[in-house]
Amino acid sequence: MAAVPSLASHVQQRLADALSAALPEAGSADPLLRRSDRADFQANGILALAKKTKANPRELAAKVVEAIGADDALQEIEVSGPGFLNITVSDAAIVRTLAARAADDRLGVPFNEHPGTTVIDYAQPNVAKEMHVGHLRSAVIGAAMVEILEFTGESVIRRHHIGDWGTQFGMLIQYLIEHPHELDHKSEGEVSGEEAMSSLNRLYKASRAAFDSDEEFKARSRDRVVALQSGDPETRALWQRFVDESKIYFYSVFDQLDMEIHDADVVGESGYNDMLDETCRILEESGVAVRSEGALCVFFDDVKGPDGKPTPLIVKKSNGGYGYAATDLSAIRDRVSALKADTLVYVVDARQALHFKMVFETARRAGWLNDEVKAVQLAFGTVLGADGKPFKTREGETVRLVDLLAEAVQHATAVVREKDKQNRLTEAEIAERGEQVGIGAIKYADLSTSATRDYRFDLDQMVSLNGDTSVYLQYAYARIQSIKRNAGEFRPAAHPELPLAPAERALGLHLDRFAETVAEVAAAYEPHKLAAYLYQLASHLTKFYDQCHVLSADNPPEVVENRLFLIDLTARTLHQGMALLGIRTPERL
92 MAAVPSLASH VQQRLADALS AALPEAGSAD PLLRRSDRAD FQANGILALA
142 KKTKANPREL AAKVVEAIGA DDALQEIEVS GPGFLNITVS DAAIVRTLAA
192 RAADDRLGVP FNEHPGTTVI DYAQPNVAKE MHVGHLRSAV IGAAMVEILE
242 FTGESVIRRH HIGDWGTQFG MLIQYLIEHP HELDHKSEGE VSGEEAMSSL
292 NRLYKASRAA FDSDEEFKAR SRDRVVALQS GDPETRALWQ RFVDESKIYF
342 YSVFDQLDME IHDADVVGES GYNDMLDETC RILEESGVAV RSEGALCVFF
392 DDVKGPDGKP TPLIVKKSNG GYGYAATDLS AIRDRVSALK ADTLVYVVDA
442 RQALHFKMVF ETARRAGWLN DEVKAVQLAF GTVLGADGKP FKTREGETVR
492 LVDLLAEAVQ HATAVVREKD KQNRLTEAEI AERGEQVGIG AIKYADLSTS
542 ATRDYRFDLD QMVSLNGDTS VYLQYAYARI QSIKRNAGEF RPAAHPELPL
592 APAERALGLH LDRFAETVAE VAAAYEPHKL AAYLYQLASH LTKFYDQCHV
642 LSADNPPEVV ENRLFLIDLT ARTLHQGMAL LGIRTPERL
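For the sequence shown, our numbering assigns the number 92 to the initial residue and increments by one for each residue that follows.
In short, the hints are calculated from the structure, not lab data. Treat the hints loosely; a few may be bogus.
[What the hints assert, rightly or not] Think about it this way: if two alpha-carbon atoms lie no more than 30 Å apart in a straight line, the pair counts; the simulated DSS-like pairs of lysine-lysine are:
1. K465 / K480
2. K220 / K400
3. K395 / K465
4. K296 / K510
5. K448 / K395
6. K309 / K408
7. K448 / K408
8. K510 / K575
9. K448 / K480
10. K620 / K483
11. K142 / K154
12. K400 / K431
13. K296 / K431
14. K431 / K465
15. K220 / K448
16. K448 / K431
17. K277 / K480
18. K220 / K309
19. K338 / K395
20. K400 / K338
21. K220 / K338
22. K395 / K512
23. K220 / K154
24. K296 / K277
25. K465 / K483
26. K483 / K220
27. K143 / K220
28. K277 / K338
29. K512 / K431
30. K143 / K154
31. K510 / K634
[To be verified] Distance windows between CB atoms, simulated:
32. N557 / A161: 44 to 50 Å
33. D108 / K634: 48 to 54 Å
34. A161 / E463: 22 to 28 Å
Beta carbons: idealized from backbone N, C-alpha and C, even for Gly.
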């Protein structure tokens, strides 16, 4: 289907054409159109253009209005102040535009004219370690950006850069060799994520205790690291057992988060091992990296330590070991050369900003990043407790992610049960809705906050039916479905000939912004702006309900149909927008 122009794009084009006609020497001038509270739109570009051409701004504004001529989409154009244009669109234009959007499966959201290939690096758990609250934001933000970018037509490659390499595996593998049944499972058949993690936790604690107390075991563990790095078959096979066992656990957690994760997307630190030596050689031979005190380093004029001395990015340590930088730079090489990516997005904690700044600059100096290939850190802040302090258990330990998810579902299930006063839902339905509401609440609380900011994890607030929460949006969607089920013979139908009440206009104009919002969010990697749009949409819907009864017997049939049309398109927009954020919208709540 052809692209569906928004009201904003139509007004923008008419103004641009009129500007060119009124002032040909200006060429293709931008009218600087924006949404306005004083009218539907305001054009501010005439002031700058008048100054540039030494024209009178109000006279130029009047010429532009005259050049626009007749247009049934534009109800009124007023010259205001020193040369602003306040523009009101017609009710008919609003309904016609929304009808075109409703006829489009994509709700008028166009595909990006110049799509590329983006690799998104997100949800990076560590093998043989439990996922905690610190892993939440990378997973939630990354998954939402995958959905949003794919919806705009971008080719997206997921990458889960798991921590599956390093010296600790010598300790783990050596302990497993000496205690070969530590990863055995008591139950037969499919192993649960909790059971897999329990075995890994038990083995990790036991191996750590042996490593710290037994010098001979410590020596054997260090020898085992060498065997692992040199590719010894037995050691590699045991290492793979740890990876596979951890994946059972990872996948169970991602399943609880209602996220898809596939083996092909999991390429951990080990996946770039064979590239490390070559990466270092290229950097050294090109002069990007230099030897300093035995280590291979990259220096930067603007990165200095507290003592004022340059702080380098260490690519290879003086003892011959490779740092995170070598792996990250090798990953960039692979993603650019093998995967043909033109954008690399790293959904990583803001506290790693300096590391990635240095890695990206090193890759630019090496020629792996350039004007055609860019890398972006989508940095995120910290999850805090309801008291605004770092989120810990009462014992001061890091909160396990599975415990957090279970508590959210428990809270949400209680809210769903309380709301179902007429007992319309079965226990199975309450449990299912509780899961959708609880997981949605966690995701929305994260995504409705600008990624760079810290946010407070307050479950009571997250599952509140009032305020900026996913539950508020989910109930808005479910309420529309309920109205439609009670509509009897009436069906949604657009009636452009009808005048619109103020609340209908406000709802319609906000629906018209969906496509531009998705485009802005995709371009800037800012999912919180989509969450804000959806909350505003639900708020407009609430005002609409207060002022415009849908199924009132006093309404003529065409008014009922038109209002059903408006709320049906609102429901579809809520459903699509929430899906892009990875949140379910139950039909009944």
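| request: Kindly indicate which numbered hints from before are broken by the structure, ordering the numbers from low to high. | output: 1, 2, 4, 12, 13, 17, 19, 20, 22, 23, 25, 27, 29, 33, 34
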